[in-house]
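Asker: These protein sequence lines are chains Y and B, in that order. Under my numbering, the first residue of the first sequence is numbered 14, with each subsequent residue one higher. Under my numbering, the first residue of the second sequence is numbered 14, with each subsequent residue one higher.
Don't read these hints as lab results, they were simulated from the structure. Accuracy of the hints is not assured; some may be wrong.
Remember, identical chains collapse to one label, so a pair may be satisfied in a single copy or spanning two.
Claimed, not checked - When the alpha-carbon atoms are kept at most 25 angstroms apart in a straight line, the in silico SDA-like pairs for lysine to any residue are as follows:
hint : residue 1 : residue 2
1    : Lys133    : Arg240
2    : Lys25     : Gly235
3    : Lys94     : Trp214
4    : Lys174    : Leu238
5    : Lys144    : Gly93
6    : Lys168    : Met129
7    : Lys94     : Asp76
8    : Lys122    : Leu92
9    : Lys144    : Glu60
10   : Lys122    : Tyr241
11   : Lys168    : Asp20
12   : Lys25     : Gly173
13   : Lys227    : Leu238
14   : Lys133    : Glu176
15   : Lys122    : Asn244
16   : Lys25     : Asn244
17   : Lys174    : Glu124
18   : Lys227    : Gly107
19   : Lys168    : Gly235
20   : Lys227    : Pro134
21   : Lys174    : Asp250
22   : Lys25     : Glu131
23   : Lys168    : Glu88
24   : Lys122    : Glu156
25   : Lys25     : Ile90
26   : Lys174    : Asp76
27   : Lys174    : Pro134
28   : Lys133    : Glu232
29   : Lys133    : Ile26
30   : Lys122    : Arg271
Everything numeric in this text was worked out from a predicted model, so none of it was measured.
Number of protein chains: 2
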Amino acid sequence: MSEFWQDTSIEKIGDNLWRGQVSERWNVGTVPNGGYLMAIAARTLREALHHDDPLTITGHFVDRALNGPVDLQFEQIRLGKSVSTGALRFVQDGVERARFTATFGDLDKTEGESWMLEPKPVLENPQAFLKTPRFLAIHDRVEMLFDPDKARWMKADLSGKPEHLIRYRFRDGTEPDVLSLPFFADCVPPTVFAKFGPMGWVPTLELTLHVRAKPAPGELLGRFLTRYLINGLMEEDGEIWDSEGKLVAICRQLARYRASTSFL
Amino acid sequence: MSEFWQDTSIEKIGDNLWRGQVSERWNVGTVPNGGYLMAIAARTLREALHHDDPLTITGHFVDRALNGPVDLQFEQIRLGKSVSTGALRFVQDGVERARFTATFGDLDKTEGESWMLEPKPVLENPQAFLKTPRFLAIHDRVEMLFDPDKARWMKADLSGKPEHLIRYRFRDGTEPDVLSLPFFADCVPPTVFAKFGPMGWVPTLELTLHVRAKPAPGELLGRFLTRYLINGLMEEDGEIWDSEGKLVAICRQLARYRASTSFL
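Next up, chain Y with everything else stripped away, as it sits in the complex (with noise of 0.2 angstroms):
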């Protein structure tokens, strides 16, 4: 079975009631990662929502998430034909973690005008992409490939912007789909490694994923840039596109940067 879809599996267990289980093998050091808790809030919801896909979801990560048992109480906010809206509080020992909104529609019904300033970035060379080490769980979930002229900070030259360009997918060849899409808007390392050095510690305060288009399978490629870090206060903006050229999701998160801690 895979991986994703066995550790973002939910059981409903009272009205507006689920309980999920937050697995260690998507984690960062000690923390799970926040888009995988998105990935199980978006899961949820798509349940309590009866429409398959989240069209726009935003995270507040209110407290450290823990690895083991989560409640996910549901609000109901408005049914529609349409589109449909709600809340998921994201609840571990009685202490909310995370609260989740979200508008979920159906996008094989949306219609309507389709005009896109920018296509796909085209690759000139995907085969150097680099590898990283692997040292945390969540790489063993995930390869990530970097566009090498963007990741000059991993041979310890700072001269480039704060952006990724990354090849990504599951390792054990689970395929994306919509619901993958808020693990792999929040997977790839903080944007500012690439201009002060991959140290410090980037906590995400909060998290909006848009999904456009249902991936084809094969790999992602994801384009993560920040261009305005003031005060320790960060924005990063991210692009999504699958194997077939489809835009797929636009992400944002509000992040904090803090310099002086460790990564770990």
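Assemble the complex: chain Y is given as a structure, and chain B must be docked to it using the hints.
Answerer: Positioned in the frame of chain Y, the structure of chain B alone reads:
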């Protein structure tokens, strides 16, 4: 008294409950502007969360808001020393019209690294910026001046990108502050008007604003861009700069573009 401060005033009427009034003065046709609703919410959340500045605030707009009274129901998610998080239900006639979720903090006390990829856009000829016709109530509240190169749509030339560059300020002389930034994030015409003409209805599903600095007195400069319109779903990204050159906020919304229906 300032129109903005008057029309966003709130009164505490119970435990975790405030009452506001949605004025007609900020209408787009018959509908109150979503950024104005978010400003009412932000003012309530400031009082409830005991921090001054909305570091990140997300609104999910689930039903059409009305002119008239609104009940603002607050739910605390986490109170902290440096940041606090809460949710706010925007309820009219017993129906929740919008849900706001926000983390507030204190920008005066925020410390850490600063680095910017891009400075405030330089305006080559600010005197040449175009005035719009005033045909909506909201136009009487805010003066918006458009970069003519990006506003070719105003002269029926649709060769441009879905992008605006706008100098704007309250007409009554009210100076911008952090609580008015939600309004400035959403008061501009839809970006797609520049690409497809100033017709159609572009309702916001979700809007997220990150406030990054307190604006100095004087006019603001807003840059708004849509890169991905896919099957009628689009993002609208904005950056807002103050008169001293500071980036004061970034924002992103998910909206539906309905070309066939009238703007009003």
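Asker: All the hints need checking, so say for each whether the structure fits it.
Answerer: Against the structure, the hints come out as follows:
1. Lys133 to Arg240: Intra 20 angstroms, inter 12 angstroms, cutoff 25 angstroms: intra and inter.
2. Lys25 to Gly235: neither (33 angstroms within a copy, 46 angstroms between copies)
3. Lys94 to Trp214: Between. Shortest inter-copy distance 19 angstroms satisfies the 25 angstroms Cα cut-off; intra-copy 42 angstroms does not.
4. Lys174 to Leu238: both (8 angstroms within a copy, 22 angstroms between copies)
5. Lys144 to Gly93: neither (45 angstroms within a copy, 39 angstroms between copies)
6. Lys168 to Met129: Answer is between: at 23 angstroms across copies they meet the 25 angstroms cutoff, but 35 angstroms inside does not.
7. Lys94 to Asp76: between (34 angstroms within a copy, 13 angstroms between copies)
8. Lys122 to Leu92: within (17 angstroms within a copy, 41 angstroms between copies)
9. Lys144 to Glu60: Close neither inside one copy (36 angstroms) nor across copies (49 angstroms); limit 25 angstroms.
10. Lys122 to Tyr241: between (36 angstroms within a copy, 18 angstroms between copies)
11. Lys168 to Asp20: neither (34 angstroms within a copy, 55 angstroms between copies)
12. Lys25 to Gly173: For Lys25 and Gly173, the Cα distance exceeds 25 angstroms both inside one copy (47 angstroms) and across copies (50 angstroms).
13. Lys227 to Leu238: Both. Shortest intra-copy (23 angstroms) and inter-copy (24 angstroms) distances satisfy the 25 angstroms Cα cut-off.
14. Lys133 to Glu176: Both, since 16 angstroms and 20 angstroms are each at most 25 angstroms.
15. Lys122 to Asn244: between (43 angstroms within a copy, 9 angstroms between copies)
16. Lys25 to Asn244: neither (43 angstroms within a copy, 33 angstroms between copies)
17. Lys174 to Glu124: between (37 angstroms within a copy, 21 angstroms between copies)
18. Lys227 to Gly107: neither (35 angstroms within a copy, 36 angstroms between copies)
19. Lys168 to Gly235: within (21 angstroms within a copy, 38 angstroms between copies)
20. Lys227 to Pro134: Answer is within: at 18 angstroms inside a copy they meet the 25 angstroms cutoff, but 36 angstroms across does not.
21. Lys174 to Asp250: both (13 angstroms within a copy, 21 angstroms between copies)
22. Lys25 to Glu131: neither (42 angstroms within a copy, 48 angstroms between copies)
23. Lys168 to Glu88: For Lys168 and Glu88, neither the intra-copy (47 angstroms) nor the inter-copy (47 angstroms) Cα distance is at most 25 angstroms.
24. Lys122 to Glu156: Cα proximity of Lys122 and Glu156: none, with 32 angstroms in one copy and 39 angstroms across.
25. Lys25 to Ile90: The answer is both: 19 angstroms in one copy and 23 angstroms across copies each meet 25 angstroms.
26. Lys174 to Asp76: Neither: 30 angstroms inside a copy, 41 angstroms across copies.
27. Lys174 to Pro134: both (17 angstroms within a copy, 19 angstroms between copies)
28. Lys133 to Glu232: Answer is within: at 13 angstroms inside a copy they meet the 25 angstroms cutoff, but 36 angstroms across does not.
29. Lys133 to Ile26: Classified as neither; 42 angstroms inside a copy, 52 angstroms across copies.
30. Lys122 to Arg271: between (43 angstroms within a copy, 15 angstroms between copies)
The structure fails hints 2, 5, 9, 11, 12, 16, 18, 22, 23, 24, 26 and 29 (numbered hints given earlier, in ascending order).
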